[in-house]
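Make the full structure from the sequences, and use the hints.
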Amino acid sequence: MCQQQYTEQQVQEILTSFKREEREIIPILQRIQEDLGYLSEEAMLAVAKFVFVPESKIYATATFYAQFRFKPVGRNHIAVCRGTACHVRGAERIQDALERQLGIKEGETSEDLEHTLEAVACIGCCALAPAITINNQEVHGQLTPKKVAELFPAAAAKEAN
Amino acid sequence: MAIKTILVSQGTCCKSAGAEKVLAALQKEISEVGLEAIVKTPGCHGFSEIDPVVVIEPEGILYAKVKVEDVPEIVHSLKEGSRWVERLYYRDPITNEGIPCVHDIPFFNKQQRTILKNCGALNPRDIHDYMEVGGYQAIRKALLEMTPAQVVAEVNRSGLRGLGGAGFPTGKKWEMCAAAPGEIKYVVCNADEGDPGSFQDRSVLEGDPHAVLEGLLLAGYAVGAQESYLYVRAEYPLAIKNLQIAIDQAKEKGFIGNDILGSGFKYDIKIFQGAGAFVCGEETALIQSLEGKRGMPYPRPPYPVIAGLHGKPTLIDNVKTLASIRWIINEGADWLVSRGTETSKGTAVFSITGKVANCGLVEVPMGITMREIVFEIGGGIPGGKKFKAVQTGGPSGGCLPEALLDTAIDFDTLRAAGSMMGSGGMVVMDEDTCMVDTARYFLDFSLKESCGQCAPCRLGTMQMHEILARITKGEGKLSDLDLLMELSEGVAKGSLCGLGKTAPNPVLTTLRYFRDEYETHINEGRCPSRSCKALISYTINSDKCKGCAKCVKACPVDAITGAKKEAHIIDGSKCTKCGVCLDECPDAFGAVECC
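Protein chains in written order, with this note's numbering: chain A, 0 to 160; chain B, 14 to 608.
Just so you know, the hints here were simulated from the structure itself, not pulled from any lab data. The beta carbon of each residue, even a glycine, is placed where N, CA and C say it ideally should be. Certain hints may be false.
As the list claims (entries may be wrong) - Computed from the model, here is a short list of chain A residues facing chain B with C-beta under 10 Å:
(1) 59
(2) 96
(3) 130
This is the structure we're talking about:
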């Protein structure tokens, strides 16, 4: 998940299981990201060559979709749900609390690659609103700013007191 | 004594609440105690509020919010066969009375479940479970007893309308695709459920994947397609997994393949994972995405049924629409005709969430009133708060006020009220929800999801969002309201696809039904719901404060000072209005005030 760099060869290995067709672009990018963590410049070029379209076309497609990342993601990928149910139950407060506790803004990754904080449209656990997921697996629901502080105490400003 | 079947639902929402751990503990305990029982793992039962749920059949006893610690008691009570674990019964939120049987719980017994019938009852990963309840009988009947034209005619006669939101007559669409010239045709299941706050498609895909596959098969046979795609959001990993298992099992049984049931009908079903773009729920954008391009909608005609994926005739239907088809073929069109309202047949599936006691997924006949859904099935508003609005249809829909609670809901009444059915999200809002902020929230969503090709959508939603944000900060002018109306008209008229055309709906409906809230923000610089951050402040009532220092300790920005046993004070210049102090202050004191 948190791989910082990967090799051309790893990308080539992934490409062997796909057809050289434009309709394969999205599945290819998904697989590279799933296996290697993010889409590097080298990977984008390799996909362009493989499908035989300009690199700009690969970027055009990849940048359109929210799923794709072009930088390595932190070891803990925290997605804060901003769906409607979470919104009316105070998702904004949860996001503020996460930003405060982690010391990063939404969309950022901490310098030590420990945390990535991302707002997502809806994770579909509306009964648990407001909710977050960690690494797309662990779900924490019915959160309050206090519970957030308990989950992520490390960077808390007041920890020293 | 009959052998018990123990059902532990394993949908995404159930798992989030800890159903996997309960299941593991249950299996362990059963083998240790030596209880003779069958454990089943169906998909979501819909009542997310009380997850994780354990149901004991044949009695239908339901245990709510089961924890791992509860498992030994459950298993022992079954082993001894003496008593039920009464403390785990579901409790009515109003009377607090324990209700043992699943069929007596108002959340379930007011529903009419057909599309959701198997969800929460069958193991979605076992094709035999589905076949035992009549699964794949419809495709058998169609292939062996009916011509494709007869299948189309039956769907047409049933009056089924597309359950993805727009409500286009399904049979009409099938008819056009079947009549379209061309050897190669495609069928696509639109499972790109992107509306924030709705999860009904996910539940069907997770809990009853074979019903969707059977719908795809019937559609393919009816229109003459050989290949079909399930376009599923990548954000639904469990749905994708269950669908893949279902496809593999259906292939093994010969329901998907080169000569299905010896009829000569050849058909394949593939999964395509959507990469996260709300606009791809729009059919032309979805096609672009399937072709590996940016998901930008393009003008119609030609409609996808004439020229869609790779330029070939393509039939695109929603998950719930496809899951309904087998009923029409099995039971006949009249079965559907007799249900629902004059213009909207059958049932509708809503995910009911927000400020409501019973969050979850419900299937109700068309024509039911919003009051029945919110107050009878949904159990009303928790915490003694006052109802304010129901938001339907996600970012394309609107907020409907109390005065409309008794309106019978169908495609047309919702549209007349300025909202829409959409994919079936229903978010309940109480007195603490600000309607201006709600409109701002949806515009924020639409502007981020706008693909950007139509200037009125790209720029208009941004302008509208700016104005709404200004009003929520108390910096609005009365003339802004006229400007919002004007922009709404421009965005709706000047946009190509449904996203832009309906993006102003949240603004238009809140202006129509809650104009006074806008005016209070503008004229008095006050948010009546005390929700807009810029317009509220937190203070500590020194008469009530006992100096317990809980808030001092909890404040994340050290904005509260005061020694123990002395009244505390909030420094407004440091306060970020996070509300933690209000949460922390013991109810008995109630010293922190928000105004």
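Tested hints:
1. 59: holds, 6 Å
2. 96: Status holds, d = 7 Å.
3. 130: holds, 7 Å
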